[in-house]
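Protein chains in written order, with full-length UniProt numbering: chain E, 1 to 639; chain U, 1 to 176.
Mixed in with the good hints, there may be bad ones.
[Stated by the list, open to error] No farther apart than 30 Å at their CA atoms in a straight line, the calculated lysine-lysine pairs in the DSBU-like style are these:
hint: 1; chain 1: U; residue 1: 83; chain 2: E; residue 2: 271
hint: 2; chain 1: U; residue 1: 103; chain 2: E; residue 2: 49
hint: 3; chain 1: U; residue 1: 161; chain 2: E; residue 2: 475
hint: 4; chain 1: E; residue 1: 602; chain 2: U; residue 2: 39
hint: 5; chain 1: U; residue 1: 39; chain 2: E; residue 2: 605
hint: 6; chain 1: U; residue 1: 83; chain 2: E; residue 2: 550
hint: 7; chain 1: E; residue 1: 622; chain 2: U; residue 2: 39
hint: 8; chain 1: E; residue 1: 602; chain 2: U; residue 2: 145
hint: 9; chain 1: U; residue 1: 39; chain 2: U; residue 2: 103
None of these hints come from the bench; they were simulated from the model.
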Amino acid sequence: MSSSSIVAETFAKLRQKSRTAWQSLRDRPLILVGTATCGRAAGALEILKVIKEELEKHGIDARVLEVGCMGHCYAEPLVTVYKPGFPPISYGYVTGGIAARLVQDFLGGDDPCLEFALAALETNDMVPALTDFPRGMIEKPIILDKCGLIDPEKIEHYIALGGYAALARALTREPEWVVEEIKASGLRGRGGAGFPTGRKWETCRLAPGEKKYVICNADEGDPGAFMDRAILESNPHEVLEGLAIAAYAVGARQGYFYIRAEYPLAVERVKKAIEEARQAGLLGTNILGSGFSFNVDVFQGSGAFVCGEETALIASMEGEPGLPRHRPPFPATAGLWGKPTVINNVKTLAYVPHIIERGAQWFRETGTAGSPGTAVFALAGKVINTGLAEVPMGTTLRQLVYDVGSGIPKGKSFKAVQIGGPSGGCLPEAALDMPIDFDSLSQAGAMMGSGGMVILDEDDCMVEIARFFLDFTQKESCGKCTMCRLGTRQMLDILEAITKGQGRPGDIELLLELAEDVKAGSLCGLGKTAPNPVLSTIRYFRDEYEAHIKERRCPALMCRELIAYYILPEKCERSCDACVGSCPVEAIYPNEDRIKVIDQQKCVKCASCLEACPPQYKAVIKLSPPELVAERGRKVNIP
Amino acid sequence: MHLTEEEKRVALEQTGNILENYSRERGNLIPILQQVQEKLGYVPLVAMEEVARHLGIPAVDVYSVATFYNQFRLIPPGKHQIKVCMGTACHMKGGNIILDCWKRRLGIDVNQVTPDREFSLERVACVGCCTMAPVTVIDEEVYGKVTPTRVDGLLFSFGVKIPKGQQKEGEAVEQQ
């Protein structure tokens, strides 16, 4: 028997076994609880406990599964119920009470509690399905398609839904075929820069040497990005399969997951996945009888943003401080321990099984000509539906913010969207109709980055956001290149002065000049892109910088040194003391008329009073510049 | 921070146990330091010297790695570790205000420990829970949508009494 027919046969048996296990789950009602980190933060483990207790109490025979994240993070904790005779229904914002009712009334009775339903997972006559919402029409999940529907710690779920078929398929073909297929698909690295994955693999495959490595880069350091975490926590096998295919294609026998230490659950689930795959014969020696052997280990990053850069990542795996080095030679020819090494982002590898399974042509049908496929965005900040969304490349920002994200909360107006984290930029309203892909974003002065997207509204100060990102890159600069180490420091000093109202005329020009120098004088992506947030905010929001410098005023009322909290005496309710109780520093006191007054000397500007003031009064406001408080002319009596 | 002889002895003993499982390759340096930190909660100087001896590299190399990466703590942590997320989403939703609240209530700055070693305070870049911003992680538990009053509430649940009205900025909080 040829080795390819052995592979096919071994895998067919494995798949049959998995399918049987998967189908047997449906012989009784099934409850899925999303327990990825986002779900846990919202109290999913508590919900899980309630459901188990209630099932016990009412003697209901149902299965409970812990699953990953469906991307609807805004509605966490999320529970999905499969009951025979009903479509699968997802419930959002689940509390202990709702969980108990789902068990009693839906599983115990026949009331599907539609008042709590978010959407059905399949089209049906009873409940609107996810695909019926505007969001569902835009989204096109490829790599997120199984997230939140399977137990990430059960390999048979993944296999039953088509997993590892691509690895089995690849193993029956020549490695060159795999490389060609990925090249033909036009897949570009999802880590940020968008380098063609196939070309990287080919370089590594052709590089001389017996020993080669493949590394999955899960050092997702961009603040505001969490899709790699969500994928690793929800469907680690998909990435593992991609890594194994990459190893086969380039001829590596050892692979690593480089996961940042801040993601303990992802580390745990990946380790579990590796172990399960090994036991199923999908990793280790002679995989599926093909003669190909491949092992994977997990390396935990140690909290350095710069280690997302390939050469710095390698340095840290070699036990050195994570300093990037000059390229070429590229890691694909001289990487870990000087051996040819392919380093791909989590999402890049997650696409690989889908492309091998369904073909390069199929992949090219989605997205734009220059950037085929989909993009995964993490929506956060001032948007109603925060969470993950996978949309075809070329979708406009407006669709993402308003259709997928449902727009800006509290009736505020949209101001900007920050894409690509510290390397990206802020795009204004005028850019909303731009179709997004790798190239259009860099032309607009932002960057795809890893796909973190923070939406900003009228209350967000653009100078402050630029300062925030520069503060981040300045702290994370490894210090190797002078311009990155000292140039960002200078820029940060200027920005800090501006946000404190100490900006000087000419500061903007100085910032622009320094930005160009830092870009030119830095070796790696961190320094080369560090000025982007500053450059893009100056480009689109120069008037805000000028208001800070010339008028000592923060138009968005955000910079703490430039604002003051003030209680409008005409609106303050005499019998209400909400703000007094909320103030952590006792800066608020009632005056002789029982109107509340803020002692500006004591005030730490924490906004507690603004939150505490009942909405029917809305007596607390922010003023900028702070001198306006004195101008309001009310005599402040210190008792 | 001054370590007692007992602490140094424990540190050496534990480091020795960990080193038994690792070969003398430089690539093991970071995993070893991570193990040491997991066992002891921090990486003391004596442990670094021990690791350097084991790997046959200068102690300054170990020190340079331990200080380069944000993960490693060089002083013992508090009994409860408070990590305030300073990611973009948390920042935009007032993460710095929450950090200030913790500083004020605990009377310590970032990367410091309360004198009774009950609490330590750190800032983290992003814990990936951006949808729950602003986020504080206490020990391993993630608390989302934190407000200044919730900071007080959380401290209260750890048995800390907040003496309202008597406390000045920067003054340590009394423990019960």
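Keeping to a limit of 30 Å between CA atoms, is the pair of residue 103 of chain U and residue 49 of chain E held or broken? violated (34 Å)
Straight-line Cα separation of residue 39 of chain U and residue 103 of chain U no greater than 30 Å? holds (27 Å)
Is the straight-line distance between the alpha-carbon of residue 83 of chain U and that of residue 550 of chain E 30 Å or less? Violated, at about 37 Å.
Below or equal to 30 Å on CA atoms is what counts here, so check residue 602 of chain E against residue 39 of chain U. violated (43 Å)
Next pair to validate is residue 39 of chain U with residue 605 of chain E; report whether the Cα-Cα distance is within 30 Å. Violated: residue 39 of chain U and residue 605 of chain E sit about 40 Å apart, past 30 Å.
Between the alpha carbons of residue 161 of chain U and residue 475 of chain E, is the straight-line distance 30 Å or under? violated (35 Å)
Going straight from one Cα to the other, do residue 622 of chain E and residue 39 of chain U come out at no more than 30 Å? Answer violated: residue 622 of chain E to residue 39 of chain U is near 48 Å, above 30 Å.
Taking only the CA atoms, is the gap from residue 83 of chain U to residue 271 of chain E under or equal to 30 Å? holds (25 Å)
Quick one, are residue 602 of chain E and residue 145 of chain U close enough, alpha carbons at most 30 Å? holds (25 Å)
Checked against the numbered hints listed earlier, the structure breaks hints 2, 3, 4, 5, 6 and 7; every other hint is satisfied.
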